[in-house]
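Q: Starting from the known structure of chain A, fit chain B onto it as the hints suggest.
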Amino acid sequence: MGTQYKKLWVILSVFLLILTAIINMGVGSKWASPLEVIDVFLNFDENAFSDFVIMFQRWPRTLIAIFIGAALAMGGDVLQGISRNPLASPSLLGITSGAVFFVVFFGFYVGIPLEYHGFVALVGGWFGFLTCYFVAKMAGVDNDPRGLTLILAGAVVSALLGSIASALVLADQGLWALLRNWINGDINHAYIDRLNAMWWFGLACMIGLYGIARPLTLVVLGQETARAAGVHVKLYIGLAIFFVLGSSTTAVSIIGPIGFIGLVVPHMVRPLAGSQFQYSLPMNACMGGIVGCIVDAIARTAFLPMVLHTAVVMEFAGGIVFIIMVRKFYISKHTQGVT
Amino acid sequence: MLLIHTSLSGRKHIDLGFSKLDLGNVVAFIGIGFAVFIAVCISVSNGTTSLTFFDVVQGFLGVDVGQDKAFAIFENRLPRIVMAILAGFMVAVVGALLQALAQNPLADPGILGLSQGSILAIMLLILFYPNAPQIVFPLTGMAGALMVGAGLLILVGKNNQGGIAVLLMGIAVETTLSSVTSVLVLHTPVEVSYRLQQWAMGSLVFSSWSSVGKMVVWLGGCLIVILLLGRRLRLYDLGDQVAVSLGENIRMSKPVLVFVAVLMTAYSVSAVGPLTFLGILAPNLADFISRSRGGMRLILAGAMGAFILVIADFITRKMTLYMYMPVGMTLVIVGVPLFIMTLRIRYVRSRRRG
Chain A
1 MGTQYKKLWV
11 ILSVFLLILT
21 AIINMGVGSK
31 WASPLEVIDV
41 FLNFDENAFS
51 DFVIMFQRWP
61 RTLIAIFIGA
71 ALAMGGDVLQ
81 GISRNPLASP
91 SLLGITSGAV
101 FFVVFFGFYV
111 GIPLEYHGFV
121 ALVGGWFGFL
131 TCYFVAKMAG
141 VDNDPRGLTL
151 ILAGAVVSAL
161 LGSIASALVL
171 ADQGLWALLR
181 NWINGDINHA
191 YIDRLNAMWW
201 FGLACMIGLY
211 GIARPLTLVV
221 LGQETARAAG
231 VHVKLYIGLA
241 IFFVLGSSTT
251 AVSIIGPIGF
261 IGLVVPHMVR
271 PLAGSQFQYS
281 LPMNACMGGI
291 VGCIVDAIAR
301 TAFLPMVLHT
311 AVVMEFAGGI
321 VFIIMVRKFY
331 ISKHTQGVT
Chain B
1 MLLIHTSLSG
11 RKHIDLGFSK
21 LDLGNVVAFI
31 GIGFAVFIAV
41 CISVSNGTTS
51 LTFFDVVQGF
61 LGVDVGQDKA
71 FAIFENRLPR
81 IVMAILAGFM
91 VAVVGALLQA
101 LAQNPLADPG
111 ILGLSQGSIL
121 AIMLLILFYP
131 NAPQIVFPLT
141 GMAGALMVGA
151 GLLILVGKNN
161 QGGIAVLLMG
171 IAVETTLSSV
181 TSVLVLHTPV
191 EVSYRLQQWA
201 MGSLVFSSWS
211 SVGKMVVWLG
221 GCLIVILLLG
231 RRLRLYDLGD
241 QVAVSLGENI
251 RMSKPVLVFV
261 AVLMTAYSVS
271 AVGPLTFLGI
281 LAPNLADFIS
291 RSRGGMRLIL
301 AGAMGAFILV
311 IADFITRKMT
321 LYMYMPVGMT
331 LVIVGVPLFI
341 MTLRIRYVRS
351 RRRG
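Residue numbers (the numbering used here), protein chains in the order written: chain A, 1 to 339; chain B, 1 to 354.
The following block holds chain B by itself, in its conformation from the complex:
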């Protein structure tokens, strides 16, 4: 093909004129995208109302499949699944972004306590100003996550962001905050507390088309900012000092990127609760499939995150027939073994390097 060139290092890439894309990455993206599509189809056709795959296709094409089937597809399952795609994408991108910024492959908004910070802030708001306008909730969540982020930076200090110490500190902060959250849950009226508990464990139950719509707007806005800065992320991959020597103004762009990451964390938390481990898993698995840099790494990680969350949601819904289980819990149960694999891969790589 005309567009495909081979670079000096032997990797094939596609030249779009304004940007060069690694061929392996593009193939990986298409592959993951296809996997997401398959997962969505399976997920839509499974549930209490039994549907065949054919029904779903007909429904998409606008053929009348009967009222209850149409309701199951369009009002019940699709909003939830689309939300899973969006939230999975968002959390995974945040994870990849934090990992690039902190130069730490294990950074995750859940483990670092950012998610718990926004949960706590939102719960306080619900307790003291339950009638606050809708827009205030994500903003409050943002403030909470920002405070935790700032606190973590102060506690850990500049020189330790790359190690495991920052994770332990994050776990410690998370533990403290979550105990406060549990006290607050106790103090709310019973019917509120049940919902709060569900949300605080991560849940897609409350998805609707209107929440999906808002999510699209936020995600789109944040993505535009990040992709505009995507070229700079490549410089971050080389380390702060190299980035500075290549002319990157870290003092300008780093705060902006951290701010965007916190914004996205807060919004995803206010919509679906915390999704711990997803932020670590998705980027590392995406890296495993196809190594990438800069903005492309974010996109691949996001696609992977969407895939994992759709699958996790599907398992959760299947399990709900037998038992109640929040999707956050499924993520932990599915995610921990994968996380352990990530630790192993990281160790083997570091040993190979020397």
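Here chain A stands alone, though its shape is the one from the complex:
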């Protein structure tokens, strides 16, 4: 596919993102057409109930959905490229659960104030990621060309850290009341404070990731070629991992553990944008935002008047996609008995 087409896809996905966001704000127990939504933004009337709902409930949710979707999808894309593992993503490599564990423990148990939660989550993300890497090494990931061991290690480490975090939350009645939604992963308009406090770091990391897109593409395509072209391979891999951890842990510290956007969206984008990061990253950001909005809309409307946890919807959809992907990448007649 030519470069022209890829650019076209990127521009198209930006428009699609704006459209989805506007439609998402219209969806809910009281419907509003896209034109009405735009009207709310142009002439906001704080006495009208429907204006109030759109401005102070759905708009924050949409913003959060776009932010976390973009951060996690970009993170998944880069992780899958670097590790050459189609199942790599922030939630399957222990990053998400590490961040959750640290935010619960240091943020709420120890009582570090909100402004620093992003930093705490970042440290936790590194903790989870390194633990997962260490366990995978111990279990012999080097002798496993398809990287199943890495994913298994991630799943196990996530189960452990997630359980400890849940146990901590369950331990304290007050904490349970405060965090019962967050610990299950939920897009919620109340978390706009958290977005407000932490967005800048996540956004900076995403921009940083885009900034190193070109050399990173060379690195992923082949380390020898990259070296020949004068690219410092280790530096860029380190930088990429740092930015991925920064943006995805920011997302987690805002809404809690949420999986599968990082796993699924890159696979949706790759056939269109190819494996060059300068095109795939912006498109992943847009598609991640779109998927975030759609999941948010489903969570709010599937069981009206009840609102589901976003993570539950995500888990259901993501679990099915996971099944399909395990089947596609690891189970075929040619691969029998390799592991």
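If you are wondering where the hints come from, they were derived from the structure by calculation, not from laboratory data. Be careful, since some hints might not be right.
To be verified - Derived list of chain A stretches under chain B, where covered just means 3 residues or more per stretch with a C-beta under 8 Å from a C-beta of chain B:
(1) 101-111
(2) 147-157
(3) 160-172
(4) 305-318
Said to hold, decoys possible - Chain A is faced by these chain B residues, among others (derived, beta-carbon under 8 Å):
(5) Ala172
(6) Thr175
(7) Val180
(8) Leu229
(9) Phe339
Each residue gets a CB set at the ideal place from its N, CA and C atoms; glycine is no exception.
A: Frame of chain A; chain B shown alone:
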């Protein structure tokens, strides 16, 4: 001793006439059994009502120790601990059985999604026919686990049962099903949902003497079937093809064994909820202590499972003084490090072999 012989390979075994037992295995079994006994004694004497070890012994011997102490021992703690022994035994045996059948040392009813399948089926039953007779619940759980098992076989295919791919597929299926379970929990009335949530995470809180009694019957029945087939399990250890060439009718015995495994999973789930990781941990730890084959492997794994669950239950009850924690969660927290060790041992062994 007269009964002890040394075989050609240098291993000592006990000849009982009808069956030969490896001496190392017997010693290991006695050791684990003793450990279970100690764990039970410690567990019984700890709790909100303070008891001394002496009180417990007196209680067992029928000496009157006072009403509240007797209540704490016999009505509160013992049913729970006996249930822990039975359920631990059951889940561990299922794990060992699945591992022998699938030729995969990491198979586990929890990780493969079988437990979640029966949970989902039972929850649906509770939602739509809350007044169904008691006996229907384990049967429904069985149907759910069977469906997940069949689905998994279809998704993975015949040739991939031995690898890690089947585990990832199990985790994927488990994730999907558990999201449905969480939606269902949301839809039940508050007082039901709290109980459901507790049970869905694995809990021994609801144990009573009557549930223990039923468990004994099911476990006994299943064990008899398995031990009758125990000799065949040794053939399975050699791999399907060798088993067939030695005259084993795999098409007959394999479905029976899988069915028994699912039956046991479903019953243990309906009694205490899912106990993830126990099915992997117990057989692998038992193997670590003393390598065994066939029916003996199941028995050793079962004893180990009972030991782990009694300990996990004890930790859980201790923790409950400070915080609420389901035993399933304790198992994950205790189990994951052990599981990682298992992965490591497996890797080192495979590297040594070549």
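Q: Taking the hints in turn, state whether each one holds.
A: Hints versus structure:
1. 101-111: Contact hint for the region 101-111 of chain A vs chain B: violated, 0 residues under 8 Å.
2. 147-157: holds (count 8)
3. 160-172: With 8 residues closer than 8 Å to chain B, the region 160-172 of chain A meets the three-residue bar; holds.
4. 305-318: As far as the region 305-318 of chain A goes, the hint holds, because 8 residues have Cβ atoms under 8 Å from chain B.
5. Ala172: holds (4 Å)
6. Thr175: holds (4 Å)
7. Val180: Since the shortest Cβ distance to chain A is 7 Å, the answer is holds.
8. Leu229: violated (26 Å)
9. Phe339: holds (6 Å)
Hints 1 and 8 from the list above are not met by this structure, while the remaining hints are.
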